[in-house]
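Q: In this note's numbering, each residue's number is its place in the sequence shown (first place is 1) plus 3.
Source of the hints: derived by calculation from the structure; they are not laboratory data. Don't take each hint at face value.
Claimed, not checked - List time: in silico DSSO-like cross-link candidates among lysine-lysine, alpha-carbon distance up to 27 Å:
(1) Lys-126 <-> Lys-142
(2) Lys-81 <-> Lys-16
(3) Lys-126 <-> Lys-81
(4) Lys-126 <-> Lys-167
(5) Lys-133 <-> Lys-195
(6) Lys-125 <-> Lys-113
(7) Lys-113 <-> Lys-142
(8) Lys-113 <-> Lys-61
(9) Lys-167 <-> Lys-16
(10) Lys-167 <-> Lys-61
(11) Lys-125 <-> Lys-81
(12) Lys-81 <-> Lys-61
(13) Lys-125 <-> Lys-167
(14) Lys-195 <-> Lys-16
(15) Lys-113 <-> Lys-126
(16) Lys-113 <-> Lys-133
(17) Lys-195 <-> Lys-126
(18) Lys-81 <-> Lys-195
(19) Lys-133 <-> Lys-167
(20) Lys-61 <-> Lys-16
(21) Lys-113 <-> Lys-167
(22) Lys-81 <-> Lys-113
(23) Lys-195 <-> Lys-125
No experiment lies behind these values; they were computed from the predicted model shown.
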Amino acid sequence: MEENEKKAPEREKQLVCRNASLGYEGQTVTEGLDFSVCRGDYLCILGENGSGKSTLVKAILGLRPQISGEIEWCGGVKANEIGYLPQQTVVQRDFPASVREIVRSGCLAKTGLRPFFNHEEKKLAESTMKQLGIDSLAKRCYRDLSGGQQQRVLLARALCATRKMLLLDEPVTGLDPRAQLDLYELITNLNKQGITIIMVSHDVAAAVRYASHILHIGSHRQLFFGTTAEYTASGVGQSFLAAEETYGASAPSEEKEAEADE
4 MEENEKKAPE REKQLVCRNA SLGYEGQTVT EGLDFSVCRG DYLCILGENG SGKSTLVKAI
64 LGLRPQISGE IEWCGGVKAN EIGYLPQQTV VQRDFPASVR EIVRSGCLAK TGLRPFFNHE
124 EKKLAESTMK QLGIDSLAKR CYRDLSGGQQ QRVLLARALC ATRKMLLLDE PVTGLDPRAQ
184 LDLYELITNL NKQGITIIMV SHDVAAAVRY ASHILHIGSH RQLFFGTTAE YTASGVGQSF
244 LAAEETYGAS APSEEKEAEA DE
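Take the sequences, apply the hints, and build the full model.
A: Below is the structure:
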């Protein structure tokens, strides 16, 4: 390297996980988690059911302590400054409130002891609904909306809470293919605006298409962390992509998983 060649500036980290082991009730679910999230990243967390994705989400949100290791926030971000889009239950899908009321509720952390939303908070809710293309639905009842529309409403609510980072737990589950594509593109556009995205998924093909980085969790351990390009070139990535293309499933057998990790 020439002396006058400039090094690329170091990217600002917002979340660092160091050799973390996670679990509950004395049972370890996954261990050896080592990854970081920088400002503007789009990280997709992959893994089958039971691999520890949900446990990791709770640890990131500060709802469940890790058994060992560290999960550290940095870069001016705190655990309570994340816009969180959880998986919906049947009861939540039937919530009898207007779209405007739900979106405004994302501003509750800003109100403090005030029993009402001020002008700026109302303005933020309106502009966010317009940004996500749901302003025409403002007076509609949430439970009367389609699955894709409901996810946009919840995403708008999360954006009213923060513009630093969004944590999305399998946001396209239950949506039809068109609605899935629309939501993926919307999330990508938000990322291009500088919002850091952490998305949990089991869809390897979609992760490779949209994410900048991949964290793949296998049975009780981390299989891979790196850029999407590195993932597609790795044995782990190629194995899971081939399995999804062949069988429509995101996980090869345990034997193939172990071989790919070597």
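Q: Each hint should be assessed against the structure and marked as holding or not.
A: Hints, one by one, checked against the model:
Proximity of Lys-126 to Lys-142 is assessed by CA-CA distance (about 16 Å); at most 27 Å being required, the pair is judged to hold. Among the hinted pairs, Lys-81 with Lys-16 is consistent with the structure: their alpha-carbon atoms are about 12 Å apart, no more than 27 Å. The suggested pairing of Lys-126 with Lys-81 holds, with an alpha-carbon distance near 25 Å, which does not exceed 27 Å. In summary, the hint linking Lys-126 to Lys-167 is supported, as the alpha carbons are separated by about 19 Å, within the 27 Å threshold.
Of the supplied pair hints, the one linking Lys-133 and Lys-195 holds, its CA atoms being roughly 18 Å apart against a limit of 27 Å. Simply put, Lys-125 and Lys-113 have alpha-carbon atoms about 12 Å apart, close enough for the 27 Å limit, and the pair holds. Our distance criterion of 27 Å between C-alpha atoms is met by Lys-113 and Lys-142, whose separation comes to about 23 Å. For the suggested pair Lys-113 and Lys-61, the alpha carbons sit about 23 Å apart, so the restraint of at most 27 Å is met.
Restraint check: the Cα-Cα separation between Lys-167 and Lys-16 comes to about 12 Å, which is no more than 27 Å; the hinted pair holds. Taking the CA atoms of Lys-167 and Lys-61, the gap is about 18 Å. The hint holds against a cut of 27 Å. Using a Cα cut-off of 27 Å, the hinted pair Lys-125 and Lys-81 holds, with the two alpha carbons roughly 24 Å apart. The suggested pairing of Lys-81 with Lys-61 holds, with an alpha-carbon distance near 14 Å, which does not exceed 27 Å.
For the suggested pair Lys-125 and Lys-167, the alpha carbons sit about 20 Å apart, so the restraint of at most 27 Å is met. Using a Cα cut-off of 27 Å, the hinted pair Lys-195 and Lys-16 holds, with the two alpha carbons roughly 17 Å apart. A C-alpha spacing of about 13 Å is found between Lys-113 and Lys-126, which places the hinted pair at or below 27 Å, so the restraint holds. In summary, the hint linking Lys-113 to Lys-133 is supported, as the alpha carbons are separated by about 21 Å, within the 27 Å threshold.
Between Lys-195 and Lys-126 the alpha-carbon distance is near 23 Å, which keeps this suggested pair within the 27 Å criterion. At most 27 Å may separate the alpha-carbon atoms for a hinted pair to count; Lys-81 and Lys-195 meet this at roughly 22 Å. Between Lys-133 and Lys-167 the CA atoms are separated by roughly 19 Å; this keeps the pair inside 27 Å, and the hint holds. Straight-line distance between C-alpha atoms of Lys-61 and Lys-16 comes to about 20 Å, which keeps the hinted pair within the 27 Å bound.
Straight-line distance between C-alpha atoms of Lys-113 and Lys-167 comes to about 15 Å, which keeps the hinted pair within the 27 Å bound. Of the pairs offered as hints, the one joining Lys-81 and Lys-113 holds, with about 15 Å between alpha carbons and a cut-off of 27 Å not exceeded. Using a Cα cut-off of 27 Å, the hinted pair Lys-195 and Lys-125 holds, with the two alpha carbons roughly 25 Å apart.
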